[in-house]
Amino acid sequence: MKKHIAKLLVLVFALTSVFYFPLNQAYAKETEQAHYPIVMVHGLFGWGNNEMRDIYYWGGSNSLREWLCDKGYAVYTPTIGPISSNWDRACELYAYLKGGTVDYGKAHAEKYGHARYGRTYPGIYKEFGETTASGDIRKINLIGHSMGGQTIRTLVQLLENGSADEKRVTPADELSPLFSGGKSWVNSVTTIATPHDGSQVAHEKYQMEPLINQFYAAWAAKNGAAVDPSEANIDFQLDQWGLKRNKGESYASYYKRVMKSNLWKKTKDLSVWDLSPEGAGELNAWVHAQSDVYYFSIGCLDTHESPITGYQVPNSNMSNALRRSSIFMGRYTNDHPGEVPIDRSWWKNDGIVSVISSSSPKVYSKDTETDYNGHPEKGVWNYIETIDNVDHFEIVQMKQDHTELLNKYLKLVKMLDGLPMDAE
Numbered sequence: 001m002k003k004h005i006a007k008l009l010v011l012v013f014a015l016t017s018v019f020y021f022p023l024n025q026a027y028a029k030e031t032e033q034a035h036y037p038i039v040m041v042h043g044l045f046g047w048g049n050n051e052m053r054d055i056y057y058w059g060g061s062n063s064l065r066e067w068l069c070d071k072g073y074a075v076y077t078p079t080i081g082p083i084s085s086n087w088d089r090a091c092e093l094y095a096y097l098k099g100g101t102v103d104y105g106k107a108h109a110e111k112y113g114h115a116r117y118g119r120t121y122p123g124i125y126k127e128f129g130e131t132t133a134s135g136d137i138r139k140i141n142l143i144g145h146s147m148g149g150q151t152i153r154t155l156v157q158l159l160e161n162g163s164a165d166e167k168r169v170t171p172a173d174e175l176s177p178l179f180s181g182g183k184s185w186v187n188s189v190t191t192i193a194t195p196h197d198g199s200q201v202a203h204e205k206y207q208m209e210p211l212i213n214q215f216y217a218a219w220a221a222k223n224g225a226a227v228d229p230s231e232a233n234i235d236f237q238l239d240q241w242g243l244k245r246n247k248g249e250s251y252a253s254y255y256k257r258v259m260k261s262n263l264w265k266k267t268k269d270l271s272v273w274d275l276s277p278e279g280a281g282e283l284n285a286w287v288h289a290q291s292d293v294y295y296f297s298i299g300c301l302d303t304h305e306s307p308i309t310g311y312q313v314p315n316s317n318m319s320n321a322l323r324r325s326s327i328f329m330g331r332y333t334n335d336h337p338g339e340v341p342i343d344r345s346w347w348k349n350d351g352i353v354s355v356i357s358s359s360s361p362k363v364y365s366k367d368t369e370t371d372y373n374g375h376p377e378k379g380v381w382n383y384i385e386t387i388d389n390v391d392h393f394e395i396v397q398m399k400q401d402h403t404e405l406l407n408k409y410l411k412l413v414k415m416l417d418g419l420p421m422d423a424e
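Mind the numbering: the sequence shown is residues 1 to 424 in our numbering, read in order.
The hints are simulated quantities; they were obtained by calculation from the structure and are not laboratory data. Quick caveat: nothing in here was measured; it's all calculated off a predicted structure. For every residue, glycine included, the Cβ atom is placed at its ideal position computed from N, Cα and C. All the given hints hold, so there is nothing to weed out.
Restraint-style ranges between C-beta atoms, simulated for each label pair: (1) S250 to G72: 39 to 47 Å; (2) T120 to T368: 37 to 45 Å; (3) K399 to R331: 24 to 32 Å; (4) N407 to T131: 30 to 38 Å; (5) N62 to S345: 32 to 40 Å; (6) E110 to G182: 23 to 31 Å; (7) G99 to G72: 23 to 31 Å; (8) R168 to T309: 48 to 56 Å; (9) W67 to N334: 39 to 47 Å; (10) N389 to D70: 26 to 34 Å; (11) K378 to S345: 24 to 32 Å.
Straight-line C-alpha distance at most 20 Å; calculated EDC-like pairs for lysine to aspartate or glutamate: (12) K98 to E160; (13) K414 to E404; (14) K106 to D173; (15) K265 to D239; (16) K167 to E110; (17) K266 to E278.
Assemble the whole structure, with the sequences as input and the hints as a guide.
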C-alpha cells in the first residue's frame, strides 16, 4: 500500500476506537448558566451520530456531551472530515456551526485540485458571531482532542485574519465570510492531547493491511464486537476529492475506492501531512495565538523511564493498540536534514502524542507558553496540566477512572464558562 496511507493509519488506529457521536443528538440550547456554548471537536478518524453502535467519541459508552448538558451547559459535538486536512476541516466546522455549503476557498481548491464546495449543513448554532441586543457577540468556547486541537486553532486564525490568497483571487461577492477576517467570535481554545508539533510516529514505516486490522481489533476489544474493516460503515467525507459514496454502492466497494485512491500520494492537503512534525510546523508558521483569545492546553502521559535503557516505555495500563507506537516514540531521535529535529525531550508520550508536543506549538511557531496559575492570560498558551497514567484513548473514552476524568472535564467546562465575557 501507499506510503502515505501507511503513515495515516498508524495515527488512525490510535485515534479511532472511541470517537463517535449519537445519531439522535438534540443540539443543546443556551441556558442561564452558560455564557458561551462549548464546541467539542473530534480528532483524526472521529465521526458522529450512531455510526458505531452508540459508542461516543467523548465518553465512550456514555455521552460526555449529554452529561454536561444535564449540568446546564450548552455543548455541541460537530462531525467533520475524519481524515481531511486542518484547512478543510476548519471550513467544514464553520459551515457545520453557521449553516450553509462548505466553501474550501477558490485559491485553496485550485492549488490542491479538489472541488471548491462541499456538503451543505443546516447549522447547529446559527447565532454564532451575531450581535445581541446589548451589543455583545455570540462567541463560543472551543475544545479539541488530538487533531481537533489543530483544527480549532486553524478556524480561529481564519476567522480573525481571513486569507489573503482567497481575497486576492475571489470576487468580493463570492468570498466566504470565513476568509474575510475581522471576526473575534471565539472566546477560548482548549486542546487536549493535541500534536501541536506533530507526532514522530509519522516518521516510522508501516504496512497498511496489518495496521488497519490492528485498529479494528482494538475497536473490537474495546466494544465487544468483531468488525470487518470493509463493513464498518465509516463516512470518510471526502466529497471534495470525488470520493463520495455512490448511491447503491456497497460499503465494501466504497471503502476499497478510498483506500486504493491515488489521492494519498499526490497531495499534502490531508491529515497525514498535518500530523507529521514537518506538516505541523508548516501549520504553526501561519496559525498563531490571537491576542483576544484565551488558549489552554492539557497533555497526557502514560510512559515511564526504563531503569535499564533510559528510554520511555509504556505503563501497564496503556492500550495494547498504542504500545508499539509508544515504544517507538519513547526512543526515537531524528537529525535528518530538512526534517524537524527530534531528541529525548520528545520521548514522554501518551501512546501517540508526545507530552512536549501537546503543551503548545513550538516548531516554527512564535507562540508563547506559561503554566496556568488560575489567572489565564489571553494570547498565550496556558498549560493546565499533564494527566498522568492516562493514554490517548483513555482521555476521551474514560474506561479506567471514569469519575476522576468526568470531574476533570466538569472542572474545565466550569472554568471556561467563568471566563470574562465581552460586557464584563
